[in-house]
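Residue numbers (the numbering used here), protein chains in the order written: chain A, 1 to 318; chain B, 1 to 318; chain C, 1 to 318; chain D, 1 to 318.
Take these hints with a grain of salt, some might be off.
Copies of the same chain are indistinguishable here, so a pair counts whether it falls within one copy or spans any two.
[To be verified] Quick list of in silico lysine to any residue cross-link-like pairs, SDA-like style, CA-CA up to 25 angstroms: (1) K3 x E126; (2) K305 x T39; (3) K71 x P214; (4) K3 x K305; (5) K71 x G199; (6) K98 x G199; (7) K48 x F233; (8) K194 x F258; (9) K194 x H266; (10) K174 x D304; (11) K305 x I261; (12) K98 x V73; (13) K194 x D80; (14) K98 x Q200; (15) K194 x D107.
Quick caveat, the hints were computed from the structure, so don't treat them as lab data.
Remember, it's a predicted structure, so these values are computed and weren't measured experimentally.
There are 4 protein chains.
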Amino acid sequence: MMKIAALRAPREFEVLDAPMPEIQPDEVLVRVAACGVCTSELDQWQGKSSGLSYPHFPGHEVSGVVIEVGKEVHGFAPGDRVAVWVTNHGFAEYVAVKAEYCFPAGDVPLDLALAEPLACAVNAVELANLSLSDDVVIIGAGFMGNLVQKLVQLQGPRHVIVADTRPDALERAKKMGATRVVDVRNESLPEVVKEMTGGQGADVSFEATGAQTPLTLMGDVTRMSGKVVIVGFHQGGMRELPLAYWNWMAFQIINAHFREIPIIMHGMRTGMRLLTSGRLSLDDLVTHRYHLNEINTAFQTACDKPEGFVKSTIVMES
Amino acid sequence: MMKIAALRAPREFEVLDAPMPEIQPDEVLVRVAACGVCTSELDQWQGKSSGLSYPHFPGHEVSGVVIEVGKEVHGFAPGDRVAVWVTNHGFAEYVAVKAEYCFPAGDVPLDLALAEPLACAVNAVELANLSLSDDVVIIGAGFMGNLVQKLVQLQGPRHVIVADTRPDALERAKKMGATRVVDVRNESLPEVVKEMTGGQGADVSFEATGAQTPLTLMGDVTRMSGKVVIVGFHQGGMRELPLAYWNWMAFQIINAHFREIPIIMHGMRTGMRLLTSGRLSLDDLVTHRYHLNEINTAFQTACDKPEGFVKSTIVMES
Amino acid sequence: MMKIAALRAPREFEVLDAPMPEIQPDEVLVRVAACGVCTSELDQWQGKSSGLSYPHFPGHEVSGVVIEVGKEVHGFAPGDRVAVWVTNHGFAEYVAVKAEYCFPAGDVPLDLALAEPLACAVNAVELANLSLSDDVVIIGAGFMGNLVQKLVQLQGPRHVIVADTRPDALERAKKMGATRVVDVRNESLPEVVKEMTGGQGADVSFEATGAQTPLTLMGDVTRMSGKVVIVGFHQGGMRELPLAYWNWMAFQIINAHFREIPIIMHGMRTGMRLLTSGRLSLDDLVTHRYHLNEINTAFQTACDKPEGFVKSTIVMES
Amino acid sequence: MMKIAALRAPREFEVLDAPMPEIQPDEVLVRVAACGVCTSELDQWQGKSSGLSYPHFPGHEVSGVVIEVGKEVHGFAPGDRVAVWVTNHGFAEYVAVKAEYCFPAGDVPLDLALAEPLACAVNAVELANLSLSDDVVIIGAGFMGNLVQKLVQLQGPRHVIVADTRPDALERAKKMGATRVVDVRNESLPEVVKEMTGGQGADVSFEATGAQTPLTLMGDVTRMSGKVVIVGFHQGGMRELPLAYWNWMAFQIINAHFREIPIIMHGMRTGMRLLTSGRLSLDDLVTHRYHLNEINTAFQTACDKPEGFVKSTIVMES
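Just chain A, same shape as in the assembly:
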């Protein structure tokens, strides 16, 4: 038997005993070390998701250690440290997962081996296909915006301008290497961008908020024929665009969302190569750690986003 967190009602995770998962011939059994709390799970926890049936078993940002391998599995052995891709049941002591969805974690601390959200950011940035010395604007300096910023900075940009409304987020972005941070409550982002790019506008801009106002702002900071990359998830109704102007500016609009498994795997592989080789580290982004029996607190904190909060994770090992 093992422990697993089940959401039984809004805001009510309960830690249950459940049978150990059994593995198929192409799967491995992983003892979970950590499982990140994803923003997309907060609505479920708060009871805002329609059509959710209880008990519900979220958790998909898993890392851990291989305990057992199926008879058809090559390339993994018990004791291997891995980041894995599962779609649920991740807030548990053990998961069974296809070997092809596992990636070596090398010496990366397992609570920092957040391969799944990193894969999203990798794929978004690769889709933008940056060129050397591009000027880049990132609107939204939360966890996803931070990941995008780190990956953009790995690709030889000239200026990286980060905009947000939270002073602590902007301070973190600055510390992470932004050329310039802009508190849009106090400064005009278009004016800053115009000044820093010789009046031209950004080559590429990323929107990582999911809200209307920043979306509209993208059109005012991007150069003609530049790229507008939508990373945020725009829930809550229609979005308005001044399409006559956006069309006249010949923007390439990239929806940085991915659902094909091979693409997700590509992003996870790339992200883990960057982490394991030390080119990238997430140690300044995982700010809050909780034990499995504190999972309701972990979710509450992720909803509250106290100052300094970026990402919380459930740490399974004692």
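With chain A held as given, fit chains B, C and D onto it using these hints.
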């Protein structure tokens, strides 16, 4: 002296005498054979364009014969038949134009050598970067939609599905080679596309109307990770998009608009290569021809769009 | 029991009785209608391949009718006409094959549903990423060169210039739509290309022979920054290149060879979409048909390449 | 009058007095601060270039300060520090150059503003279109190899493996950030690459020597469907390639050479953006500085390549 049409007031072209244009060392003098009437000029003629000062000299879809070449010009000689790029003053007997903006017309009838609008369509289709056997939807079967259709059909698509509300436009699209035409007043385009693509949706869809309803429709006919190409000019206020869904579907949104001169030249060169080699013909698209002194009628007809109308042109030669 | 052709010694196929193949849950059983003879199999038949162990069971260009489906198979049912990808054992009455390696053949005659070689040509041409109105040179007008030509012509080229040394091959290329054919024994290909391209050279050139002389010729017919696509298989030692010149000309050299299964499947899917929609037909390329018990004659003919020969296939059904 | 270095015979530069260059309306007059010695000029100096007529005026890696601007020039003013593109006459106190060939040098020391060779390296690396976490091999750790290495490292690679035969070059590559350096006299590069890439081979390999042996080696260190980028200039006869194997491996072979002026300008602009923003510095690469009257020594040193030598430049200002 030569004749030139000047717009002196809304709906009032007057044909004036004007001095012959003088050429610079890098220019050629072209005796105009024909100059197409562009949809973008209709608002000006109708008095709907703000900020227009009279007299106004439109006309930018010019073809003709080289009469004289500047002393720095290589590659062109008097007598050469050419399609040229000018930005105005085209409804005239002569234009002076840089030699690098001229393209050989070969044996193409000059009233069919519509290089400038063809360049727009070429660049739109190239931006879409079609793959062999793509399923393509084109919404809007006017002149631009027709050009896009012809170019798409040159690139090895599987299905080409054309939607419009005008029976004569759909009949023409069918005759031009559409796999299937859909009168959206009577049929559901999404259902037709779904059926013809095995439930998947189009690989690429082109919107060539500039209106909200067809724009919205694009999202319902395009496959996940497919391309949505906006060719129409979306004037008249904001456009609404269900961005949460479009983002979830990972559409690549391409604004097929171009303002850089090298790109326009690329499109003109490509278009004229297709016309002069016989791969492409526009003889079914130029439906109405007028003499210079009938120019007000030509514009009125282009506004009225009578049944069977696609494109009108001013033919300068007697 | 079923019939299958086994190569028991050089030039000695024998038709044997063998047990019917059994299918796995993800496989289908296909009654073979036809299996093409591939050039790569001729060396084996002639005893020129080192390391071949007998009996050997070639045959990988299979089409037929689904007879039985495994319990995990969706999307196929008995009676479906399909083109399939197998790697051997294709000269037989039945093959077992994964359902995901099967593609609907629609109404295409099964002896013309040559999906596997078509996939090679599709992938080669897609890798070349042609632009509208490109000038294209194809050296080698055998079966692969013909497939490349047909696919190039589907993509809106300006000139398609085909070179070979066999009058019947050139005549066929001309009939298939080449703008110009060149017998390199009598004419200078570089001079013809120069004249037809205004002195510039071809945008893309394909080499489909596998020999040194045509390879060298590629550099003399391609424009600066143009694409040199190597389709032929260059066996028999090193090849010499004037790399200083090729580098100075900034050629992009594309090795059009593919071994990843997803890419092969992509090519098969695309090819079958073109065949089933009628955009493409191979009926002028399959010139020789033989029954299974005539398989040695089929191979001998493919080696001899008599006048008018392009491709031979083994037709299984009576 | 001004000073300019003229090559009057092999190994004999003479510093002459010459009239000040006069500028055209679209040009600027630049007081030269430094002009780098390019490897391509060494053959000329040594008398190995055929067809050279004396006096010859080399020098094309120029930086300096704007002294005067033509009347049509916008965007530059006297006093502006710039890197410029000229094709010759650069070892002089002044050059006249089109304003569009000038790029702001910001605060970069002018002897380190080597925009022209940097443009070559930028364009080579951009053509390779690296992906995040690529494993990269660079053969040849001279000046061009070093520039490529610096630019590759700006783009988020996983491993950067540099091979050469000179211990000082390898030490420098290591100091510049190579993951691993390989002295090919003592170690097997293919074995090192195999080990570091999990047996797969490099995603991208750059050849920066221009010699046969390293060229051949590229095929042994690159993964299937990987990119082989030829940066070196392969003079001195034909090159041999095992094309059967390279074709089977589906290598994409990129000739990283450029002659179109817009592409050169793109590379210069990108390079200068990287230098002026501090993302890139060449201060460890310019190892030897000489005054104009020491120009023969500068060239002799560049031929001798003493230990520690990377690049020499002529510094014009006192």
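*asked:* As a check of your reading, is K194 near D80 (CA-CA no more than 25 angstroms) within one copy, between copies, both or neither?
replied: between (50 angstroms within a copy, 21 angstroms between copies)
*Intra/inter-copy verdict for K3 and K305 if alpha-carbon distance must be at most 25 angstroms*: neither (27 angstroms within a copy, 67 angstroms between copies)
*asked:* At most 25 angstroms between CA atoms: does that hold for K174 and D304 within a copy, between copies, both, or neither?
replied: within (23 angstroms within a copy, 47 angstroms between copies)
_Identical-chain pair category, K71 with G199, by Cα at 25 angstroms_ = For K71 and G199, the Cα distance is within 25 angstroms only across copies (23 angstroms; inside one copy 61 angstroms).
_Same-copy or cross-copy closeness of K194 to F258 [CA-CA at most 25 angstroms]_ = between (32 angstroms within a copy, 22 angstroms between copies)
*How would you label the pair K98, V73 (within, between, both, or neither) given a Cα cut-off of 25 angstroms?*
both (9 angstroms within a copy, 21 angstroms between copies)
*Quick one: K3 to E126, C-alpha cut-off 25 angstroms, is that within a copy, between copies, both, or neither?*
neither (38 angstroms within a copy, 50 angstroms between copies)
*Please work out whether the CA atoms of K71 and P214 approach to 25 angstroms or closer within one copy, between two copies, in both situations, or in neither?*
neither (51 angstroms within a copy, 43 angstroms between copies)
*asked:* At most 25 angstroms between CA atoms: does that hold for K305 and T39 within a copy, between copies, both, or neither?
replied: Intra 11 angstroms, inter 53 angstroms, cutoff 25 angstroms: intra-copy only.
*Measure nothing new, just compare the shortest in-copy and cross-copy C-alpha distances for K98 and G199 to 25 angstroms and report within, between, both or neither.*
between (51 angstroms within a copy, 22 angstroms between copies)
*Intra- versus inter-subunit Cα pairing at 25 angstroms for K98 with Q200*: between (48 angstroms within a copy, 22 angstroms between copies)
*Identical-chain pair category, K194 with D107, by Cα at 25 angstroms*: Only across copies: K194 and D107 sit 21 angstroms apart there, 43 angstroms inside one copy, limit 25 angstroms.
Of the numbered hints stated above, those contradicted by the structure are hints 1, 3, 4, 11, listed in ascending order.
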